[in-house]
Amino acid sequence: MKDLKTAGQATDLPEFPMQRACPYEPPEGYAALREQSPLTVVTLFDGRPAWVVTSHALARELFTDERLSSDWTNPRFPVTSPARGALQKHNVMVGMDRPEHGHYRKMVIPSFTVKRMNRLRPRLQAIVDERLDAMLAAGPPADFVESVAVPVPSIAICELLGVPYADHEYFESETRKLVIRTSGEIAASALANLRAYLDKLIAVKEAEPGEGLVDDLIADQLHQGRIDRETLVKLCTIMLTAGHETTANVISLGLLALLRHPEQFDALRDDPDLVPGAVEEMLRYLSIAEVVSRVATADFEVHGRRIRAGDAVFFTNSAVNRDPDAFPDPDVFDVRRAPRLHTGFGYGVHQCVGQNLARAELDIVFRAVATRLPRGLRLAVPFEEVKAKGPAGPQGIIDLPLTW
Amino acid sequence: MRVTTDTGRCVGAGQCVLAAPEVFDQDDDGTVALLTDSPPDEEHENVLEAVQRCPSLSIALGGA
Numbered sequence: 001m002k003d004l005k006t007a008g009q010a011t012d013l014p015e016f017p018m019q020r021a022c023p024y025e026p027p028e029g030y031a032a033l034r035e036q037s038p039l040t041v042v043t044l045f046d047g048r049p050a051w052v053v054t055s056h057a058l059a060r061e062l063f064t065d066e067r068l069s070s071d072w073t074n075p076r077f078p079v080t081s082p083a084r085g086a087l088q089k090h091n092v093m094v095g096m097d098r099p100e101h102g103h104y105r106k107m108v109i110p111s112f113t114v115k116r117m118n119r120l121r122p123r124l125q126a127i128v129d130e131r132l133d134a135m136l137a138a139g140p141p142a143d144f145v146e147s148v149a150v151p152v153p154s155i156a157i158c159e160l161l162g163v164p165y166a167d168h169e170y171f172e173s174e175t176r177k178l179v180i181r182t183s184g185e186i187a188a189s190a191l192a193n194l195r196a197y198l199d200k201l202i203a204v205k206e207a208e209p210g211e212g213l214v215d216d217l218i219a220d221q222l223h224q225g226r227i228d229r230e231t232l233v234k235l236c237t238i239m240l241t242a243g244h245e246t247t248a249n250v251i252s253l254g255l256l257a258l259l260r261h262p263e264q265f266d267a268l269r270d271d272p273d274l275v276p277g278a279v280e281e282m283l284r285y286l287s288i289a290e291v292v293s294r295v296a297t298a299d300f301e302v303h304g305r306r307i308r309a310g311d312a313v314f315f316t317n318s319a320v321n322r323d324p325d326a327f328p329d330p331d332v333f334d335v336r337r338a339p340r341l342h343t344g345f346g347y348g349v350h351q352c353v354g355q356n357l358a359r360a361e362l363d364i365v366f367r368a369v370a371t372r373l374p375r376g377l378r379l380a381v382p383f384e385e386v387k388a389k390g391p392a393g394p395q396g397i398i399d400l401p402l403t404w
Numbered sequence: 001m002r003v004t005t006d007t008g009r010c011v012g013a014g015q016c017v018l019a020a021p022e023v024f025d026q027d028d029d030g031t032v033a034l035l036t037d038s039p040p041d042e043e044h045e046n047v048l049e050a051v052q053r054c055p056s057l058s059i060a061l062g063g064a
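Chains A and B supply the protein sequences, listed in that same order.
Position 303 (the first sequence) corresponds to 303 in UniProt numbering; numbering is contiguous.
Position 22 (the second sequence) corresponds to 22 in UniProt numbering; numbering is contiguous.
To be clear, the hints were calculated from the coordinates, so they are not data collected in a lab.
Quick reminder that beta carbons are idealized off the backbone N, C-alpha and C, glycines included.
All clues stand as given, with none of them false.
If we take Cβ atoms under 7 Å as the criterion, some of the chain A residues that face chain B in the derived model are:
#: 1; residue: T64
#: 2; residue: R105
#: 3; residue: I109
#: 4; residue: P110
#: 5; residue: T113
#: 6; residue: V114
#: 7; residue: Y347
#: 8; residue: G348
#: 9; residue: V349
#: 10; residue: N356
Based on the provided sequences and hints, a complete structural model is requested.
Structure (C-alpha cells):
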C-alpha cells in the first residue's frame, strides 16, 4: 500500500495550491487530480509532499475524522505560503482540536445563531440599501468591490463585534497582508499590528463598556476567568479578520458569475425568491475557501493509501464542490440547484462559525442586486481584465468595474 | 423516528435549524435544542437532511 513517500516518488508532482485562471472557476488542474484519485499527492512551495482530497464523499468522511488535526502548534502542521506560517502561533478556536476548540467556540456561537441573524436582518438591509443608493446616485462607472462587496460585511461584523467601523481602512489593509501571498515578515508584522489594535480596543472597552461580542466576551469570559487576556485578543483578531475578506469575495464573485450567466441573472430578477438557493449555489460554485489544511496525528489507511502521523493533508473545496458524483453537471452554474451538502463553509467541527451571518448578508445583497440594479448592468472592462487573487488565502477579485 | 442530540458535541453551526426548523432550534448558548424527539412523518425528510448537514455529527436517529 502506498504511503506519502512511495506515492510521491513520481516525477513532476503538481505544485499546490494552484492558481485560478478564471476568478470563479477552480484551477484547471484540480479536476485532473480528482479524476486520478480522490486522494493524490502534490508538492508545496517548500518542496514538502502532501495529500490532497478532491472527492466530495472522501472529504465528508475525512473532515469529521479526528485523526486529522487542526492544531497549528504541531510542528508538522503544513502551510501553503511563508505568510501562512506567521499565523501558526496565533491559534485559538481555529487552529485547535477538541476539546480546547469547543471551549472557545462555545464562547462565540451564541452571537451567530440563526435566530440572532434573523433579528439582524433589518439592520443588514439598511446597510445594503445605503451602499447601493450611494453607488446608484454617484452613477456609472462604479467598482462594486469598493462600493458594496467590502463595506457591507465589514460594517456588519464591526457592529456585531462592537469594533468602530471608522478604523476599517486600517484593519482591512492589515488583514489583506495576512491573506495574500507575501513574506512571513510582512504577515507577522500585520498580525502584530492587528493584535495591538484589538488589545487597545479591549482596554478602552474595559474602562467604558459598549455593545457587541467583544464587550460580551470581556464581561462573561475575561472577567470570569474563563479566558486570559492574550487569548481574548487572539480570538477577537480572528473574528474580525475572518468576517471580512470571505463574504466580500462571495459578493463580488457572485455578481461576476451572474453577469457572465445572464440567463441565471434574469431568473433571479424574475423570481427573487430563488435567491436563498442561488446563494447556496454560489457558495458551492465559487468555493472561495479553496484550501483547508490538516496534519495527521495517527497512522491509518484510507482509500487504499496509508496516511502516517505527521503527513500533510489538504481539502480542496473547489474540487470537492465540483465532484460530478455529488453534483450532476457540476460545472454548470444553476441558481435553481440549491445544493445542500456543499463544503463551501467547510465541514466538521471547524465549519464556519459565521456562516449564518454570511447567508443573511448574501441573501439581502443578492435580493437587492436582483431587484434594484438596472437591467443594463454590465462589466465596464473586458472580462479578461478581471483578475483572480493569488492561490493562497480566500479566492476573490481585486475590483469589479461596472457600468449601466 | 426517534431523534436524539448531543449538545456537548454540537458546535452551533445551525444547519439543523435551516434543514428542519420545526424540529430543531438553538438555545441561548447557541447549541442544539430539540423541539420534538418524535417528529411527524412529514418532517422525516427534513430531519434526514439535518443529520447529513450537521458538521459535528451531533444528531442520531433511533427506531420508532
